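Please build the complete structure, drawing on both the sequences and the hints.
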Amino acid sequence: MDIATLIGLGGAITLLVFGIGPTNLPAFIDIPSMLITGGGTVCGVFSSFPLSRIFNIIGVVKNAFFSKQLTPAQTIKQLVEFAEQARREGILALEARAQEIQDDFLKKGIQLAVDGTEPELIKDILSTEITFIERRHGDGAKLFEQAGALAPAFGMLGTLVGLVLMLGNMSDPDSIGPNMAVALITTFYGSIIANVFCIPLSEKLKGYSAAEMMIKELMLEGIMSLQSGDNPRIVEQKLTAFIEPGLRAQAMKERG
Amino acid sequence: MDIATLIGLGGAITLLVFGIGPTNLPAFIDIPSMLITGGGTVCGVFSSFPLSRIFNIIGVVKNAFFSKQLTPAQTIKQLVEFAEQARREGILALEARAQEIQDDFLKKGIQLAVDGTEPELIKDILSTEITFIERRHGDGAKLFEQAGALAPAFGMLGTLVGLVLMLGNMSDPDSIGPNMAVALITTFYGSIIANVFCIPLSEKLKGYSAAEMMIKELMLEGIMSLQSGDNPRIVEQKLTAFIEPGLRAQAMKERG
Amino acid sequence: MDIATLIGLGGAITLLVFGIGPTNLPAFIDIPSMLITGGGTVCGVFSSFPLSRIFNIIGVVKNAFFSKQLTPAQTIKQLVEFAEQARREGILALEARAQEIQDDFLKKGIQLAVDGTEPELIKDILSTEITFIERRHGDGAKLFEQAGALAPAFGMLGTLVGLVLMLGNMSDPDSIGPNMAVALITTFYGSIIANVFCIPLSEKLKGYSAAEMMIKELMLEGIMSLQSGDNPRIVEQKLTAFIEPGLRAQAMKERG
Amino acid sequence: MDIATLIGLGGAITLLVFGIGPTNLPAFIDIPSMLITGGGTVCGVFSSFPLSRIFNIIGVVKNAFFSKQLTPAQTIKQLVEFAEQARREGILALEARAQEIQDDFLKKGIQLAVDGTEPELIKDILSTEITFIERRHGDGAKLFEQAGALAPAFGMLGTLVGLVLMLGNMSDPDSIGPNMAVALITTFYGSIIANVFCIPLSEKLKGYSAAEMMIKELMLEGIMSLQSGDNPRIVEQKLTAFIEPGLRAQAMKERG
Amino acid sequence: MDIATLIGLGGAITLLVFGIGPTNLPAFIDIPSMLITGGGTVCGVFSSFPLSRIFNIIGVVKNAFFSKQLTPAQTIKQLVEFAEQARREGILALEARAQEIQDDFLKKGIQLAVDGTEPELIKDILSTEITFIERRHGDGAKLFEQAGALAPAFGMLGTLVGLVLMLGNMSDPDSIGPNMAVALITTFYGSIIANVFCIPLSEKLKGYSAAEMMIKELMLEGIMSLQSGDNPRIVEQKLTAFIEPGLRAQAMKERG
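Each protein sequence line maps, in turn, to chains F, G, B, W and A.
Take the first sequence: its position 219, counting from 1, is numbered 218 in numbering that gives the first Met the number 0, and each next residue is one higher.
Take the second sequence: its position 36, counting from 1, is numbered 35 in numbering that gives the first Met the number 0, and each next residue is one higher.
Take the third sequence: its position 196, counting from 1, is numbered 195 in numbering that gives the first Met the number 0, and each next residue is one higher.
Take the fourth sequence: its position 37, counting from 1, is numbered 36 in numbering that gives the first Met the number 0, and each next residue is one higher.
Take the fifth sequence: its position 195, counting from 1, is numbered 194 in numbering that gives the first Met the number 0, and each next residue is one higher.
I should point out that these hints are in silico values taken from the structure, not numbers from a laboratory.
Accuracy of the hints is not assured; some may be wrong.
For chains that are exact copies, the list does not tell them apart, and a pair is met inside one copy or across any two.
[As the list claims (entries may be wrong)] DSSO-like cross-link-like pairs, simulated, lysine-lysine; straight-line CA separation at most 30 angstroms:
| no. | residue 1 | residue 2 |
| --- | --- | --- |
| 1 | Lys-107 | Lys-76 |
| 2 | Lys-107 | Lys-61 |
| 3 | Lys-107 | Lys-67 |
| 4 | Lys-61 | Lys-122 |
| 5 | Lys-67 | Lys-122 |
| 6 | Lys-106 | Lys-61 |
| 7 | Lys-76 | Lys-106 |
| 8 | Lys-67 | Lys-106 |
| 9 | Lys-122 | Lys-76 |
Note that the coordinates shown come from a computational prediction; the quantities given were computed from them, not determined experimentally.
What follows is the structure, encoded as C-alpha cells:
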C-alpha cells in the first residue's frame, strides 16, 4: 500500500481516537451498530453489482494498492531500447526480448508487432484492451463510491431504528440521553466508512487508474512508433512529450 | 435472480430485523405509513413515466434479473463456428443455422448477412437496434433511480404530517414520544425503499445493461467480420480483444 | 392528460389526504403558507426565465400533455405509403398529399422534397428544426426542474420565518407546539410541490420529448430515403430498425 | 431589466414581507447578520474569481439585463437586405452599410467579408469570437451559481456562531428563544440570497446567453452565406430554419 | 497572491471575528477540534491522492497564486515580433532569441520550429504538453474540491463524537449547553475550511488554469502560424481573434 494512504488512514483513525479520548473509547464500540452499518453497506454493494464483478474488483483494488507499476521514465527507457534494437537487428530480433517482458500489455503489443500484424489492427486490439482496463478500474472506483453513498444511509437507518425505539418507550427520562447516544453511533460509523475509507479510496483508485492508463498509452504510442520503423530519437521525443516536464529530466537520466 | 442480489437484499433485511430486535418489530410495522411512503413512490413513478414505458420497464427488469445471457466466451465460440462454416461452405450455408439461434439480435444479423444486405446497412440496422436496447435498459435504471429519489421525499412528507398533527395537539405530554416515533416510521420506510432496494437495483441494472451491450457489440463485430469473409482466426482474434484478459483463457478453453 | 399522470397525481393526493385523515385536513390548509411557498416558487420561475419563454413553455407543456402524437407505427405506415406513391407516380405526385398532412414537420419535409430542394439542405433544415423542438422541450423540463428545486427552498424560508417569530416570543409555552406546526406547513407544501408535481412532471416531459424526437427522426430518415428514390421495402426496413422490436410487430400489422 | 425578473424579484420580496407581517419586520432586520451572510458571500466570490473577471462580469450582467438585443427576426431581415444589396451592387457596396451597424460582431463580420478575407478565416475568427462571448456569459452565470452555493453556507456559519454563543451561556432560560431566533436570521438571509436572487439570476443569465448565442450564430451563418454569393431567398430560407417555427411568421412579417 | 484572494480571505475572516465578537473569540478556539477537523481533512487528502501528486500539487498551487504570467497582449506582441524577425531574417534567426524566452513552453515551441521539425509533430508535442499542464492544474483544483467535501464531513464526525459523549453522561444538566457548544465547534471549523478556503480556492485555481491554457493555446497558434511563414499581420489578426474584444485594444496599444 502506498505511503500516502497509510498516512491518511492511520492519521484519521488516530485523530478520531484522540478526539474521543482513549478512556471514552468503549462508548463508541457497539457491535450491533457495526453490523447494521458495515453489514448493510456490504449488502448494498452486493445488491448493486454482479457477483463476478465484485470479486473481480477485489483483485483490481489489491493490484492497484500493492503491485509495482513501471514508472513513465522506465517505460520510455525500455521502449527506446526496443526501438534501437529493432533498428539495428530488425524487428524480429525483439521476439526473444518480448518473452522477458513482465507487463502483459507491452508483451502482447511487441508480439503483435513482431508477428507483422497490420498497424491498424495492432492499434485496434491494444486500444480495446486499454478501454477494458480503464473500465475495470472505473468499476473499482464506482464500487467504493457506491459504498460511500450507502454507508451514511445505513448509518441513518440505524439511528432511525434507535430513535423510534427510544421515543416509543420514554418511561425512564434518565435513559433518553444514553439511548440517543447509542442511536447516533450508527450515524457515526456510516460517516467514518464513507469519509475515512470509501470516498478517499475511490478517488485514489481513479488516480492509480489514470497513472496506469498513461503508461499503457505510452506503450501503445511506443509500439506503433517502433513498428513503423521510427528513429529511436524520434521515438524518445514523441514519448517524452507524453510525460510531465518535471519527470522528463528523470526520464533522460534513466536513459543515461 | 442472481446470487449477489439475493445475498444483498436478504442480508440487508436480516440485519435490519436483527438491529430492531424481533420483539420490537411490531413497532416498525405501520400499514398507513407503508401506504403513504410506498404508495407515494409508486404514484410518483406513474407521474414520471408514460404508462407504456412503465410496463415495458417491468419486462426489461424481469428479463435482466431472470433471463440467462450468453457469456462472452460462448458468443465468441458461436461466432467463430459460424465464420468457419461460412468459409467452408459459403455464407448461404448459415441460413439453416440462423433458424436455431435463440438470441433475436444475432439471428437477425446473420439473416441480414445471408440475404446479402450491404455491410453499411447491416451495421446501421444493428447499431440502431443496439441503441434502442441500451435506451430501454437505461429507462429501467432511470425508473429505479427516480423511485430512489422520491421514496425519501415521500417518507419525509409522511413525517411532516405526523409532526404537524403531533405539534398541533400536545395536551398529553406522554403521547409526544410515541407520536413522534410513529411520525419517523415513514422516513424509515423511505430510506429503506431507496437505499436497500431502488438505488442498488438501479446500479445493478446498469451493470446488466453494460454486460449485454458488450455481447451485442461482440455479435455486431463478429457478423461484420464474418460477412466480409475474414479468416476465422482473425475473427477470433478481433473478438477476443473485446473481452477482459481474465475471460480470454476461458474463451479459448470453450473454443477447445 | 395521459392516464399514468392522472393515476400518479390523483393517487399521491389521495394517499396524503388519507395519511392526514380527513378530519385533520383543516390543520394542513393555510392560505398564507400556500402563498409564500407556491407564490415564491412561481416568482422564482419568473426570475429564472425570460417572460416569452415562460409563456412559450406553457404551450409546450399543454401540447405535451394533451395533444395526440402519431405512433411510430402510424408514422412508418404513412412514410411507406408516400414512398410507394412517389415510386409509382413520381415524387411530384406527393404535392397534393402533402397538403393533407397534419404534422407540420412532416408536411414541410415532404414539401421540400417535392420542390426538388437538395438533399443536404433538406437535412440541414429539418435537423435544425429538430434541434429547436428538442430545445423547447428541454426548456419545459428545465422549468419544472427549477420549480422543483425552488419550492422546498421557499418552503424552508417560510418555516424559518415561523420559527423566528415563534422563538422571539415564547411567553406562552402552550402556543409553541401549534406555532411550530404552522411553521412546518410551508415545508410540507414545498415538498409536495416539488415531489408530487414538479420533479415527476419534469421527468415525464423528458419522456414525451424523447418520444416525439424519435418520431421526428423517423420522419427525417423516411423523407431522405423517399427523396433518394429508395424502394418502399427498403424504406420500411430502414425505418423499422428505428423502433423497438416490441413495436415492430404492431408496425407490420398496421401496414397490413 | 426585463419584466419577468422584476415580477419575480418584486413578487418574492412582497410575499416574504407579507408572510412575516409588516409589524414583525424589525425582528428580521439585523445588520450584523446581513454583514456576515451577505459580506461573507461577496468575500467568497472574491476568493473564487480573479479581480479582473469579477469586474468584467459586472459589465456582462449589466449588459444582459439592460441592453437591447436584436430579435432573430430583425437579424434575419437585416442579413437578407445585405444579401440583396450585395447581389445587386457587389459585396463592396456593403462597406458603407457596415459603418452603420451597431452590433460589433456583425460589423466585424461584414467588414471581413468586404475585405475579401478567405471564408475559412472569417469562420475561424467569428467562431473564436462566439466562443469567447459564450465563455464570458458562462462566467457570469457561474459567479451567481457560486454565490448561490456560498450564501447558505455563510448563513449556516452565522447560525453556528449564534448557537455556540447561546449554548455556552444558558444562565437565563428566557433568553434562549430570542437568542436562537437571532441565530436563525443568518440562515434566513443565506437562503434568500441564494433562492430569491442568485440561483434564479444564474439561470436567467444562461437563458440570455443562449438567446444571444443564437443571434450570433445566425449572423455567422448569414455572413458566410452572403459572402459565398447565395441568392437572398436561399439566405432567408437557411436563416429561417435557425429560429423557432413560432417566430418565423413574425420574421416573415418583418420582411414584409 | 492576487488581490481578490487577499480581499476575499481577509474579509471573510474579519467578518467572522466581528460576528463572533472579539471578546467571545476564545469560545471558538479549541485545539482538539482543530486537530480533528483540519487534521482529518488533511488525512483524507492523503488517502485520496498519491504522495507524489500531493507534493506536485503544492507546487502547482504556489505557482498559480504567486508566479507572474504573461498577459495575452504581451504574448501576442512577442509572437508578432518573432514572426517579423522570421520573415525578415529567416526562421533560423530566432535561435538566439529563443534562448532569452522565459516561458518554457514558448521556448520549446520556437526551438522545435527553428530545428525544422515537421509542423504535425510540433503540434502533437505542444498539444500533449498543454494537455498535461491542464491535467496538473485540474489535479490542483480537484484536491481543494475533495478537501472542501471532506472538511464538513470531519466536522460532523467531531460533532457526533461530542454529542455521543454528552448524551452518554447527562448527570449535570448545566453542562449540557456548554458541552453541546463545544461539540458544534468542529462543524463550525469544517464549514470554514470548506466555504472560506477550499471551495473558493478550487474555483480560483480553475480560473487561473483557464487563463494559462489560453496563453498556451495562443503560443501554439502563433508558433504554427510563424512556422508556416505567415505574414506578421496575419499572425496578429489570427491571435487577436483568440482574446476578448475588451483586451484587443490593449493588445494593439502594446504593439504600438
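Which constraints among the numbered hints does this structure fail? Numbers only, ascending. No numbers; nothing is violated.
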